[in-house]
Amino acid sequence: MTKMLSRRSFLRVSALAGGGLMVVAHLDPMAELLAQAPPGFTPPTFLPTAFIKIQPDGKVIIVSKNPEIGQGIKNEIPMIIADELDVDWKDVTLEQADLDPTKYGGQVAGGSTATPTNWNPCRPGSERRVRQMLVTAAAQAVERAGSGVQHGSSGRVNATGASNKVESAYGDGRDQGAAARPMPDMASVPPEDPKDYMIIGKPTKGYDTSRGHRRLSRSSASTSPVPGMLWAVIGEVPRVWRQGRVSQSRCDQGDARV
Amino acid sequence: MPLLWVLRDVVNLKGTKFGCGIGQCGACTVQLRGRAVRSCQTPVSMVGDAAVTTIEGLSPDGSHPLQRRGRRLDVPQCGYCQAGQLMSASALLATNPKPTDADIDRAMNGNLCRCGTYLRIRQAIHKAASTPTRSTQTAQVGAAQE
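Quick note, the sequences are listed as chains A and B, same order. This note's numbering numbers the first residue of the first sequence as 1 and each following residue consecutively. This note's numbering numbers the first residue of the second sequence as 1 and each following residue consecutively.
What the hints contain is simulated information worked out from the structure, not anything from laboratory work. Just so we're clear, the structure is a prediction, and the values are computed from it rather than from any experiment. For every residue, glycine included, the Cβ atom is placed at its ideal position computed from N, Cα and C. It cannot be assumed that every hint is accurate.
Taking lysine to aspartate or glutamate and the EDC-like style, the derived pairs with C-alpha atoms no more than 16 Å apart in a straight line are [said to hold, decoys possible]: (1) A:202 with A:76; (2) A:202 with B:74; (3) A:59 with A:88; (4) B:127 with B:74; (5) A:59 with A:91; (6) A:205 with B:101.
So the derived list for chain A, only partly shown, Cβ under 8 Å to chain B, looks like this [said to hold, decoys possible]: (7) 67; (8) 69; (9) 70; (10) 107; (11) 113; (12) 205; (13) 228.
Next comes chain A alone, as it looks inside the complex (with noise of 0.2 Å):
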């Protein structure tokens, strides 16, 4: 490797390195990061930001960042994320971000703005220029020229070329070196018009729906209590009616008083 790595630089490629495991800021390209991993490597899944991986067989898993307390945020952002990278919603599987800001910005639930405040980073942003390089790339697996290419339509790209149609998913273009290709510039890339959403302003069922009503069926086989585990309960005399307060309290094992 010729270049010299900055710290962080050698962090991301070490850990990509070591499986897989992307630290990436949320905007980061990862062309560069690609250029600089060993000679060879190529990753199980092509990860174009750390919202977005594509799968050799064109589904797209997209990372939901902020908690899910019952407000719809699971769908919501990446449904954003979706619509500008034009995949089906079919096709698309969340996966809940652990907790890391410094990878995937503010990750907090309360206040009612995560879709003002997500909205400007996801939609003009990555995704839009991500689906432009997976265009390119996979156009490039249809027809060489590039002329005659109707560009994405749900993670897929059409070419009418001399002879025949062809078709050629998102998840071609990633084995069609998409992730050696640097992010086309932001200005390049117009934001999609409002009148092409197919998913944002949609009604989307709620990801986890069906999954939360049946575990309430058979929830305790998955919680089984800890070996041992002691209980404290500590009753303590309504303030609001009596008046009461504290004055001291004891704990021990198997007997708790206030």
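Following the hints, put chain B in place on chain A, whose structure we already have.
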């Protein structure tokens, strides 16, 4: 000891939820002799050998009409209140197979939902009322009180 503690910590049936612990939210609702009760306010000494049905006993696989309709209508949001909502709603349908809006509001009053899914819960109850109901399974917890 409250029935809720027996269910969750002795019998290890964690489907029934601890919400407020003072009988104000309905998250801990179970059925005692088919009637919806707040398990956090029900001393286990009151239970005797009566049949207690928890959410685990409503259906083994989440296939009760209320659950099926609930999924179709996308009722749950955070889902924390759902076990209690389902136990209250199934107790209502057992005694009133065709409840009106007013019947539903009366029976479900006291089952709070922070996410505000009340209208969809009501819709799901109406839809489930027109669906054949399978008999529910009951879990005996009488032995656990000792």
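Against the structure, the hints come out as follows:
{"no.": "1", "hint": "A:202 with A:76", "in the structure": "11 Å, holds"}
{"no.": "2", "hint": "A:202 with B:74", "in the structure": "14 Å, holds"}
{"no.": "3", "hint": "A:59 with A:88", "in the structure": "9 Å, holds"}
{"no.": "4", "hint": "B:127 with B:74", "in the structure": "13 Å, holds"}
{"no.": "5", "hint": "A:59 with A:91", "in the structure": "5 Å, holds"}
{"no.": "6", "hint": "A:205 with B:101", "in the structure": "25 Å, violated"}
{"no.": "7", "hint": "67", "in the structure": "11 Å, violated"}
{"no.": "8", "hint": "69", "in the structure": "5 Å, holds"}
{"no.": "9", "hint": "70", "in the structure": "3 Å, holds"}
{"no.": "10", "hint": "107", "in the structure": "17 Å, violated"}
{"no.": "11", "hint": "113", "in the structure": "18 Å, violated"}
{"no.": "12", "hint": "205", "in the structure": "5 Å, holds"}
{"no.": "13", "hint": "228", "in the structure": "14 Å, violated"}
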